[in-house]
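These protein sequence lines map, in sequence, to chains V and W.
Using the working numbering, read the first sequence as starting at 1 and increasing by one per residue.
Using the working numbering, read the second sequence as starting at 1001 and increasing by one per residue.
If you are wondering where the hints come from, they were derived from the structure by calculation, not from laboratory data.
Possibly wrong hints are sitting among the right ones.
Quick look at which bits of chain W chain V covers, simulated, 3 or more residues with Cβ under 8 Å [stated by the list, open to error]:
hint, segment
1, 1147 to 1160
2, 1186 to 1199
Pulled a few chain V residues facing chain W out of the computed Cβ check, cut under 7 Å [stated by the list, open to error]:
hint, residue
3, Ser32
4, Thr38
5, Thr66
6, Ala118
The C-beta atom is built at its ideal place from N, Cα and C for all residues, glycine as well.
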Amino acid sequence: MFKSTKGVLKALAITALLTMTAAVTCAQTTGSVTMNATVSNFVELTSGGAVTLTGNMGGSVITDGTANSPLAVVVNLGELGPANTNSFVKLSVPLRLRSNVAYQLNMVSSVAGAGATAFSLKDTDVGFGLTPAARPANLAAGADTNSTPGDPTIGGSTDANGRWVFAGANSTLGAYAVSGQVLTGPRINQAVSANSNTSLDVPSIFAIKPQFFDPAPAITITAQFTVVAL
Amino acid sequence: MRLRRLTYSLCSVLILVAVAQAISAQALDISSGGLPTITGSVNGSVTGNAAVTGDLVVTIDFGEVSPLNPNSIVKVVVPIALRSNQPYQVAVSFSGLTNANAEALQATDVGLGIQNMRLLGGAGQICNQSTHIIRSPFNNDPAVTATVGSNGRVLYPSSLGNLSGSTVVLSGPELSKNNSIKRQQSDGYVFDVILAVTPQFFAAGISSATLIFSIAPGPNVPC
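Start from the sequences, fold in the hints, and give me the full structure.
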């Protein structure tokens, strides 16, 4: 009798425990939603719009820049010999930069097809410079450091042989036969949407003074810009 | 004899506790409302319980939310089921997103809305004297209502920035017809929590946050 009572009690206790456990697992009064998000470094270089070509003779813009499109400008600078009486053939190519981190803009350039004598057009005969303005208020605060002297048509003089020399260091493509920094700065954009039209627009200027270069029918000058995150 | 008394007492206590828990446990319940979904993400994902009888445990990875994500918005919809045999309220609290850099992802950059309160099924209670109220300002789809502020940053009518402590976002009359102690497929209501992040020029980094949804007795409204 005692044993059977004990058994019933045990069964009751186990049932109670199971019931309790079942109730606990069935209903909840809280639930969780855990979230993660990633923001990677973002730097972008595109065209800042149409290029400007002045002082040319027989030159033309073959492939113009289109704002916010990949930068792929092709320009015929025209006559660079003394037949062109203008003081400079000048090309201004707007660059458009956007970033959420500090950036560095690099350039590498080359001159081909001009000949190899001392009188041939050299990379040092192609002036180059950037002319960034102060950042507008709709961009992240900060100053951009220009590694070039600016507009290459400003300043300059002839050397002892009468050949034109652009003023300052890093003022010609001769300084960029190997990729080098031309501009750097802190993050460009504020935390704005990806399709925001805020950007750092920087004119890049190329200039050649028409001179008694060796004749050459097809000189190709290339400049390739690359922006990287710092 | 002493052993018998002790056992009786223990048994009685256990049974009372079990009965009490059974009654209280079924009164208010929050669970998964189905499989959550994600759209517009790059390398993003969301996991959760497909079954409406499963617990609410959702993990969202919004993925890339810099301009490397070309989509206009990353949107996640999390269905949440509710059951109760009494008036209820749902509150949300959140932790995380403590970026000191103002240009980094902030609580206000994560839109939060509540939509589509609907019957889970035939065992849900339809009350004619009270309605289920989505509290202001959360009654919107942040993926639709997002705007661009004067500083170029995207704004939402409601976001994680509107959560302060445990914030009530939803309340109403009883939700279930039955008194079952177990979750059933159709004995309550389900609503959608919508979370949205617009890819922007945020400062680089990884951000995390956790939302806790809780259900508790709400304002005493008639059914």
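Evaluated hints:
Taking a C-beta to C-beta cut-off of 8 Å, the segment 1147 to 1160 of chain W contributes 5 residues in contact with chain V, enough for the three needed, and the coverage statement holds. Requiring three or more residues with a Cβ within less than 8 Å of a Cβ of chain V, the coverage given for the segment 1186 to 1199 of chain W holds, as 5 such residues are present. Restraint check, Ser32(V) versus chain W: the minimum CB separation of about 6 Å is within 7 Å; hint holds. The beta carbon of Thr38(V) is positioned within 7 Å of a beta carbon in chain W (closest approach about 5 Å), and the interface hint is therefore held.
Restraint check, Thr66(V) versus chain W: the minimum CB separation of about 18 Å is more than 7 Å; hint violated. For Ala118(V), the interface hint is violated, the least distance from its beta-carbon to any beta-carbon of chain W being 49 Å, above 7 Å.
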